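Asker: Each chain, letter by letter, is given below.
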Amino acid sequence: MTNPASAEPFGSEWRTRIQRRVKIRFTFSILVFALYAGFAGGYGFLKSLFQQSVFGDSGLSFGLAYFFSLVILFISLEFVYLKLVAKANDTKGSLKPARHITRNRKSTDKKPGNLHHADS
Amino acid sequence: MQILKIFQRSALTAALCLAFSATALATGALEGEIERQPLNISAITLFVAFVMATLGISYWASKHTTNSSEFYTAGGNITGLQNGAAIAGDFMSAASFLGVSGLIYMAGFDGLVFGLGAFAGWPILLFLLSERVRNLGKFTFTDVVATRLEKTRTRIIAVCGSVTVVVLYLIAQMVGAGKLIELLFGLPYEVAVVIVSVLVISYVAFGGMLATTWVQIVKAVLLLSGITVMALLVLNRVDFNLNTLLDLATARHPKGETILAPGGLFSDPVQVATILVSMMFGTLGLPHILMRLFTVPNVQESRKSAFYATVFIGYFYILLVIVGFGTVVYVLNNPEYLSPEGGLIGGGNMAAIHLAEALGGSMLMGFMSAVAFATILAVVAGLTVAGAAAIAHDLYAEVICDGRPDPEREIKLTRIVTLVLGLLAVGLGIVFQDQNIAIIATLPMVVAASVNFPVLILSIYWQGMTTRGATAGALVGFVSSIVLIVVGPKVWTAVLGFEQALFPYDYPALFTMPSAFAAIWLFSVTDRSARGSSDRAEFDAMLIKAEMG
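Sequence order for the protein chains is Z and F.
Heads up: the first sequence at position 62 corresponds to 62 in this note's numbering, and the numbers run straight through without jumps.
Heads up: the second sequence at position 101 corresponds to 101 in this note's numbering, and the numbers run straight through without jumps.
Hint data in this document are derived by calculation from the structure and do not stem from the laboratory.
If you're wondering where the values come from, they're calculated on a predicted model, not measured in any experiment.
Careful: at least some of the hints might be erroneous.
Footprint (simulated), chain Z over chain F, 3 or more residues, beta carbon under 8 Å [stated by the list, open to error]:
hint, segment
1, 256-265
2, 272-283
3, 310-323
4, 408-416
Just so it is clear, CB atoms sit at the ideal spot from N, CA and C, and this is done for glycine as well.
Could you build the full structure based on these sequences and the hints that come with them?
Answerer: So this is what it looks like as structure tokens:
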């Protein structure tokens, strides 16, 4: 349903870059959801695993270890994501459409920070 | 046997009463009779010092708060690190500290469900929202949703979602605050509510977002420092050996080794999933949290904000586990903290405060009590700014004045709304003091997850969403949330007295959020109106702004 006139200014390279960004965002998010769902699994199909000790007789259960690991993993994933985004911006140039697109955009903006021209 | 019975009763009460937001954790756990503590002089002294410092900050901030941008977003001049600390300060409530540690004290491992739920939304905030929301919005998340959709209708539904969440969250906070302060400081409930309200009005009306940010930063630093000291003192007693701590905990807890594994409070994985979903996606729809993304100068700082917030909140919850098991070892069975009936003096929420006294004497206990009070102020201040922005900016400036308000009138209105919200908070806090806070506290997170989040995420990622779809989705999310909570155990059985709830789960977001998504999809794909075509056509223009700023 995309309006062809509106879609026209987007070059394929620009679209590819946006798609890559979105892919990275959703890949990281899905990883987080999967790991998070694993915790809920500790109350179902992973229950017996969550009850076991990690090292022999130690008090540290797999469930507790999973909790600690999740916190650290989530922070690590965020760190990797930040690095990936920074690297993408540094090495491949920032995400900028062709000059005529920005010109077009400026002319359609009524005021800075507002894209409500369709509301009028 | 008696202790075991007390634990079983406490666990059942907690399971029924605890709501899933950080706020709710405290408020829910504060259900029932509150045993007022003797006047805590050292805590009050430390708290007065905090208040003086934060009022000084507000005075300083008031000199830098002259227009709406400075009021709502501190002029966008907060750095990523500062904003991350402020977000953490906004989110790590007294509830997280007292509620989660109290749950670990009562049930062990299952207390972590709430801790993880409160933490897990942050990575998603970074990956999916921090960039596009920052680039598209000006002051509130409503700005983002209204970017390509029909302005008036979209803003009205988003404002309804925001105000509902803010007011319900505010009621829960105020009732929780009153009871908590009664518990910690020995002050009467009404006095506590008025003190909180007067201080928050002072911070927000004069210092706006700048003062609120710094109050939240100071509070975050104090809370993280306090919990670090407590965790270190606990670990020091067990020679920094976590296994020794856990072994001692299982040896002293009536539930034994089961406290280290799932099952203490919840046995149904669906029940756990409902809590986890509600908490994760509720966090992503909280207007006062989303608003913080606009206080930084650019998208890089926005990303850093989310990252630092995750680090601070993750650090907090890791230490909280140590503190939680510390309460089992050093508070449970300690006759100093037990009432003649065998229960913990002040109830389960006092476990961490008693632990502070056991570890560091009255000074540390006073410090942690003062931090808990400061925490409430920071959270309520953040909510008040979000509520004021929703009404003065989204409704007045953007809808009534069509985006061209008189700046002086807008800022004046913002201050009036702040005052009204403060007075409303006192009124509602007093009116609702005997109500079931768990119900009130459940609503904002479920509404945020079922109304705000679906509309927000689809507006920025799905070209097909139209104004009609957004309106239908918000309506379905809102109505289904209310209906399922009413027919759920918290209202249907606990309040209305029916034998069995029609809907078995306390936290319906697992069902209401997909319903909202489905409604948005259905009403959008069947939308053949001119407005619908225009909404879709605007997506590409929005994409440029979302990705480039």
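Asker: Do three or more residues of the segment 256-265 of chain F come closer than 8 Å to chain Z, measuring C-beta to C-beta?
Answerer: Coverage by chain Z holds here, the residue count being 4 at a Cβ distance below 8 Å.
Asker: For the segment 272-283 of chain F, count the residues whose Cβ lies under 8 Å from any Cβ of chain Z; is that count three or more?
Answerer: holds (count 4)
Asker: Are at least 3 residues of the segment 408-416 of chain F within less than 8 Å of chain Z when you compare beta carbons?
Answerer: violated (count 0)
Asker: Examine the segment 310-323 of chain F for residues whose CB is less than 8 Å from any CB of chain Z, and state whether their number is three or more.
Answerer: holds (count 6)
The structure fails to meet hint 4 from the earlier list, while all remaining hints are met.
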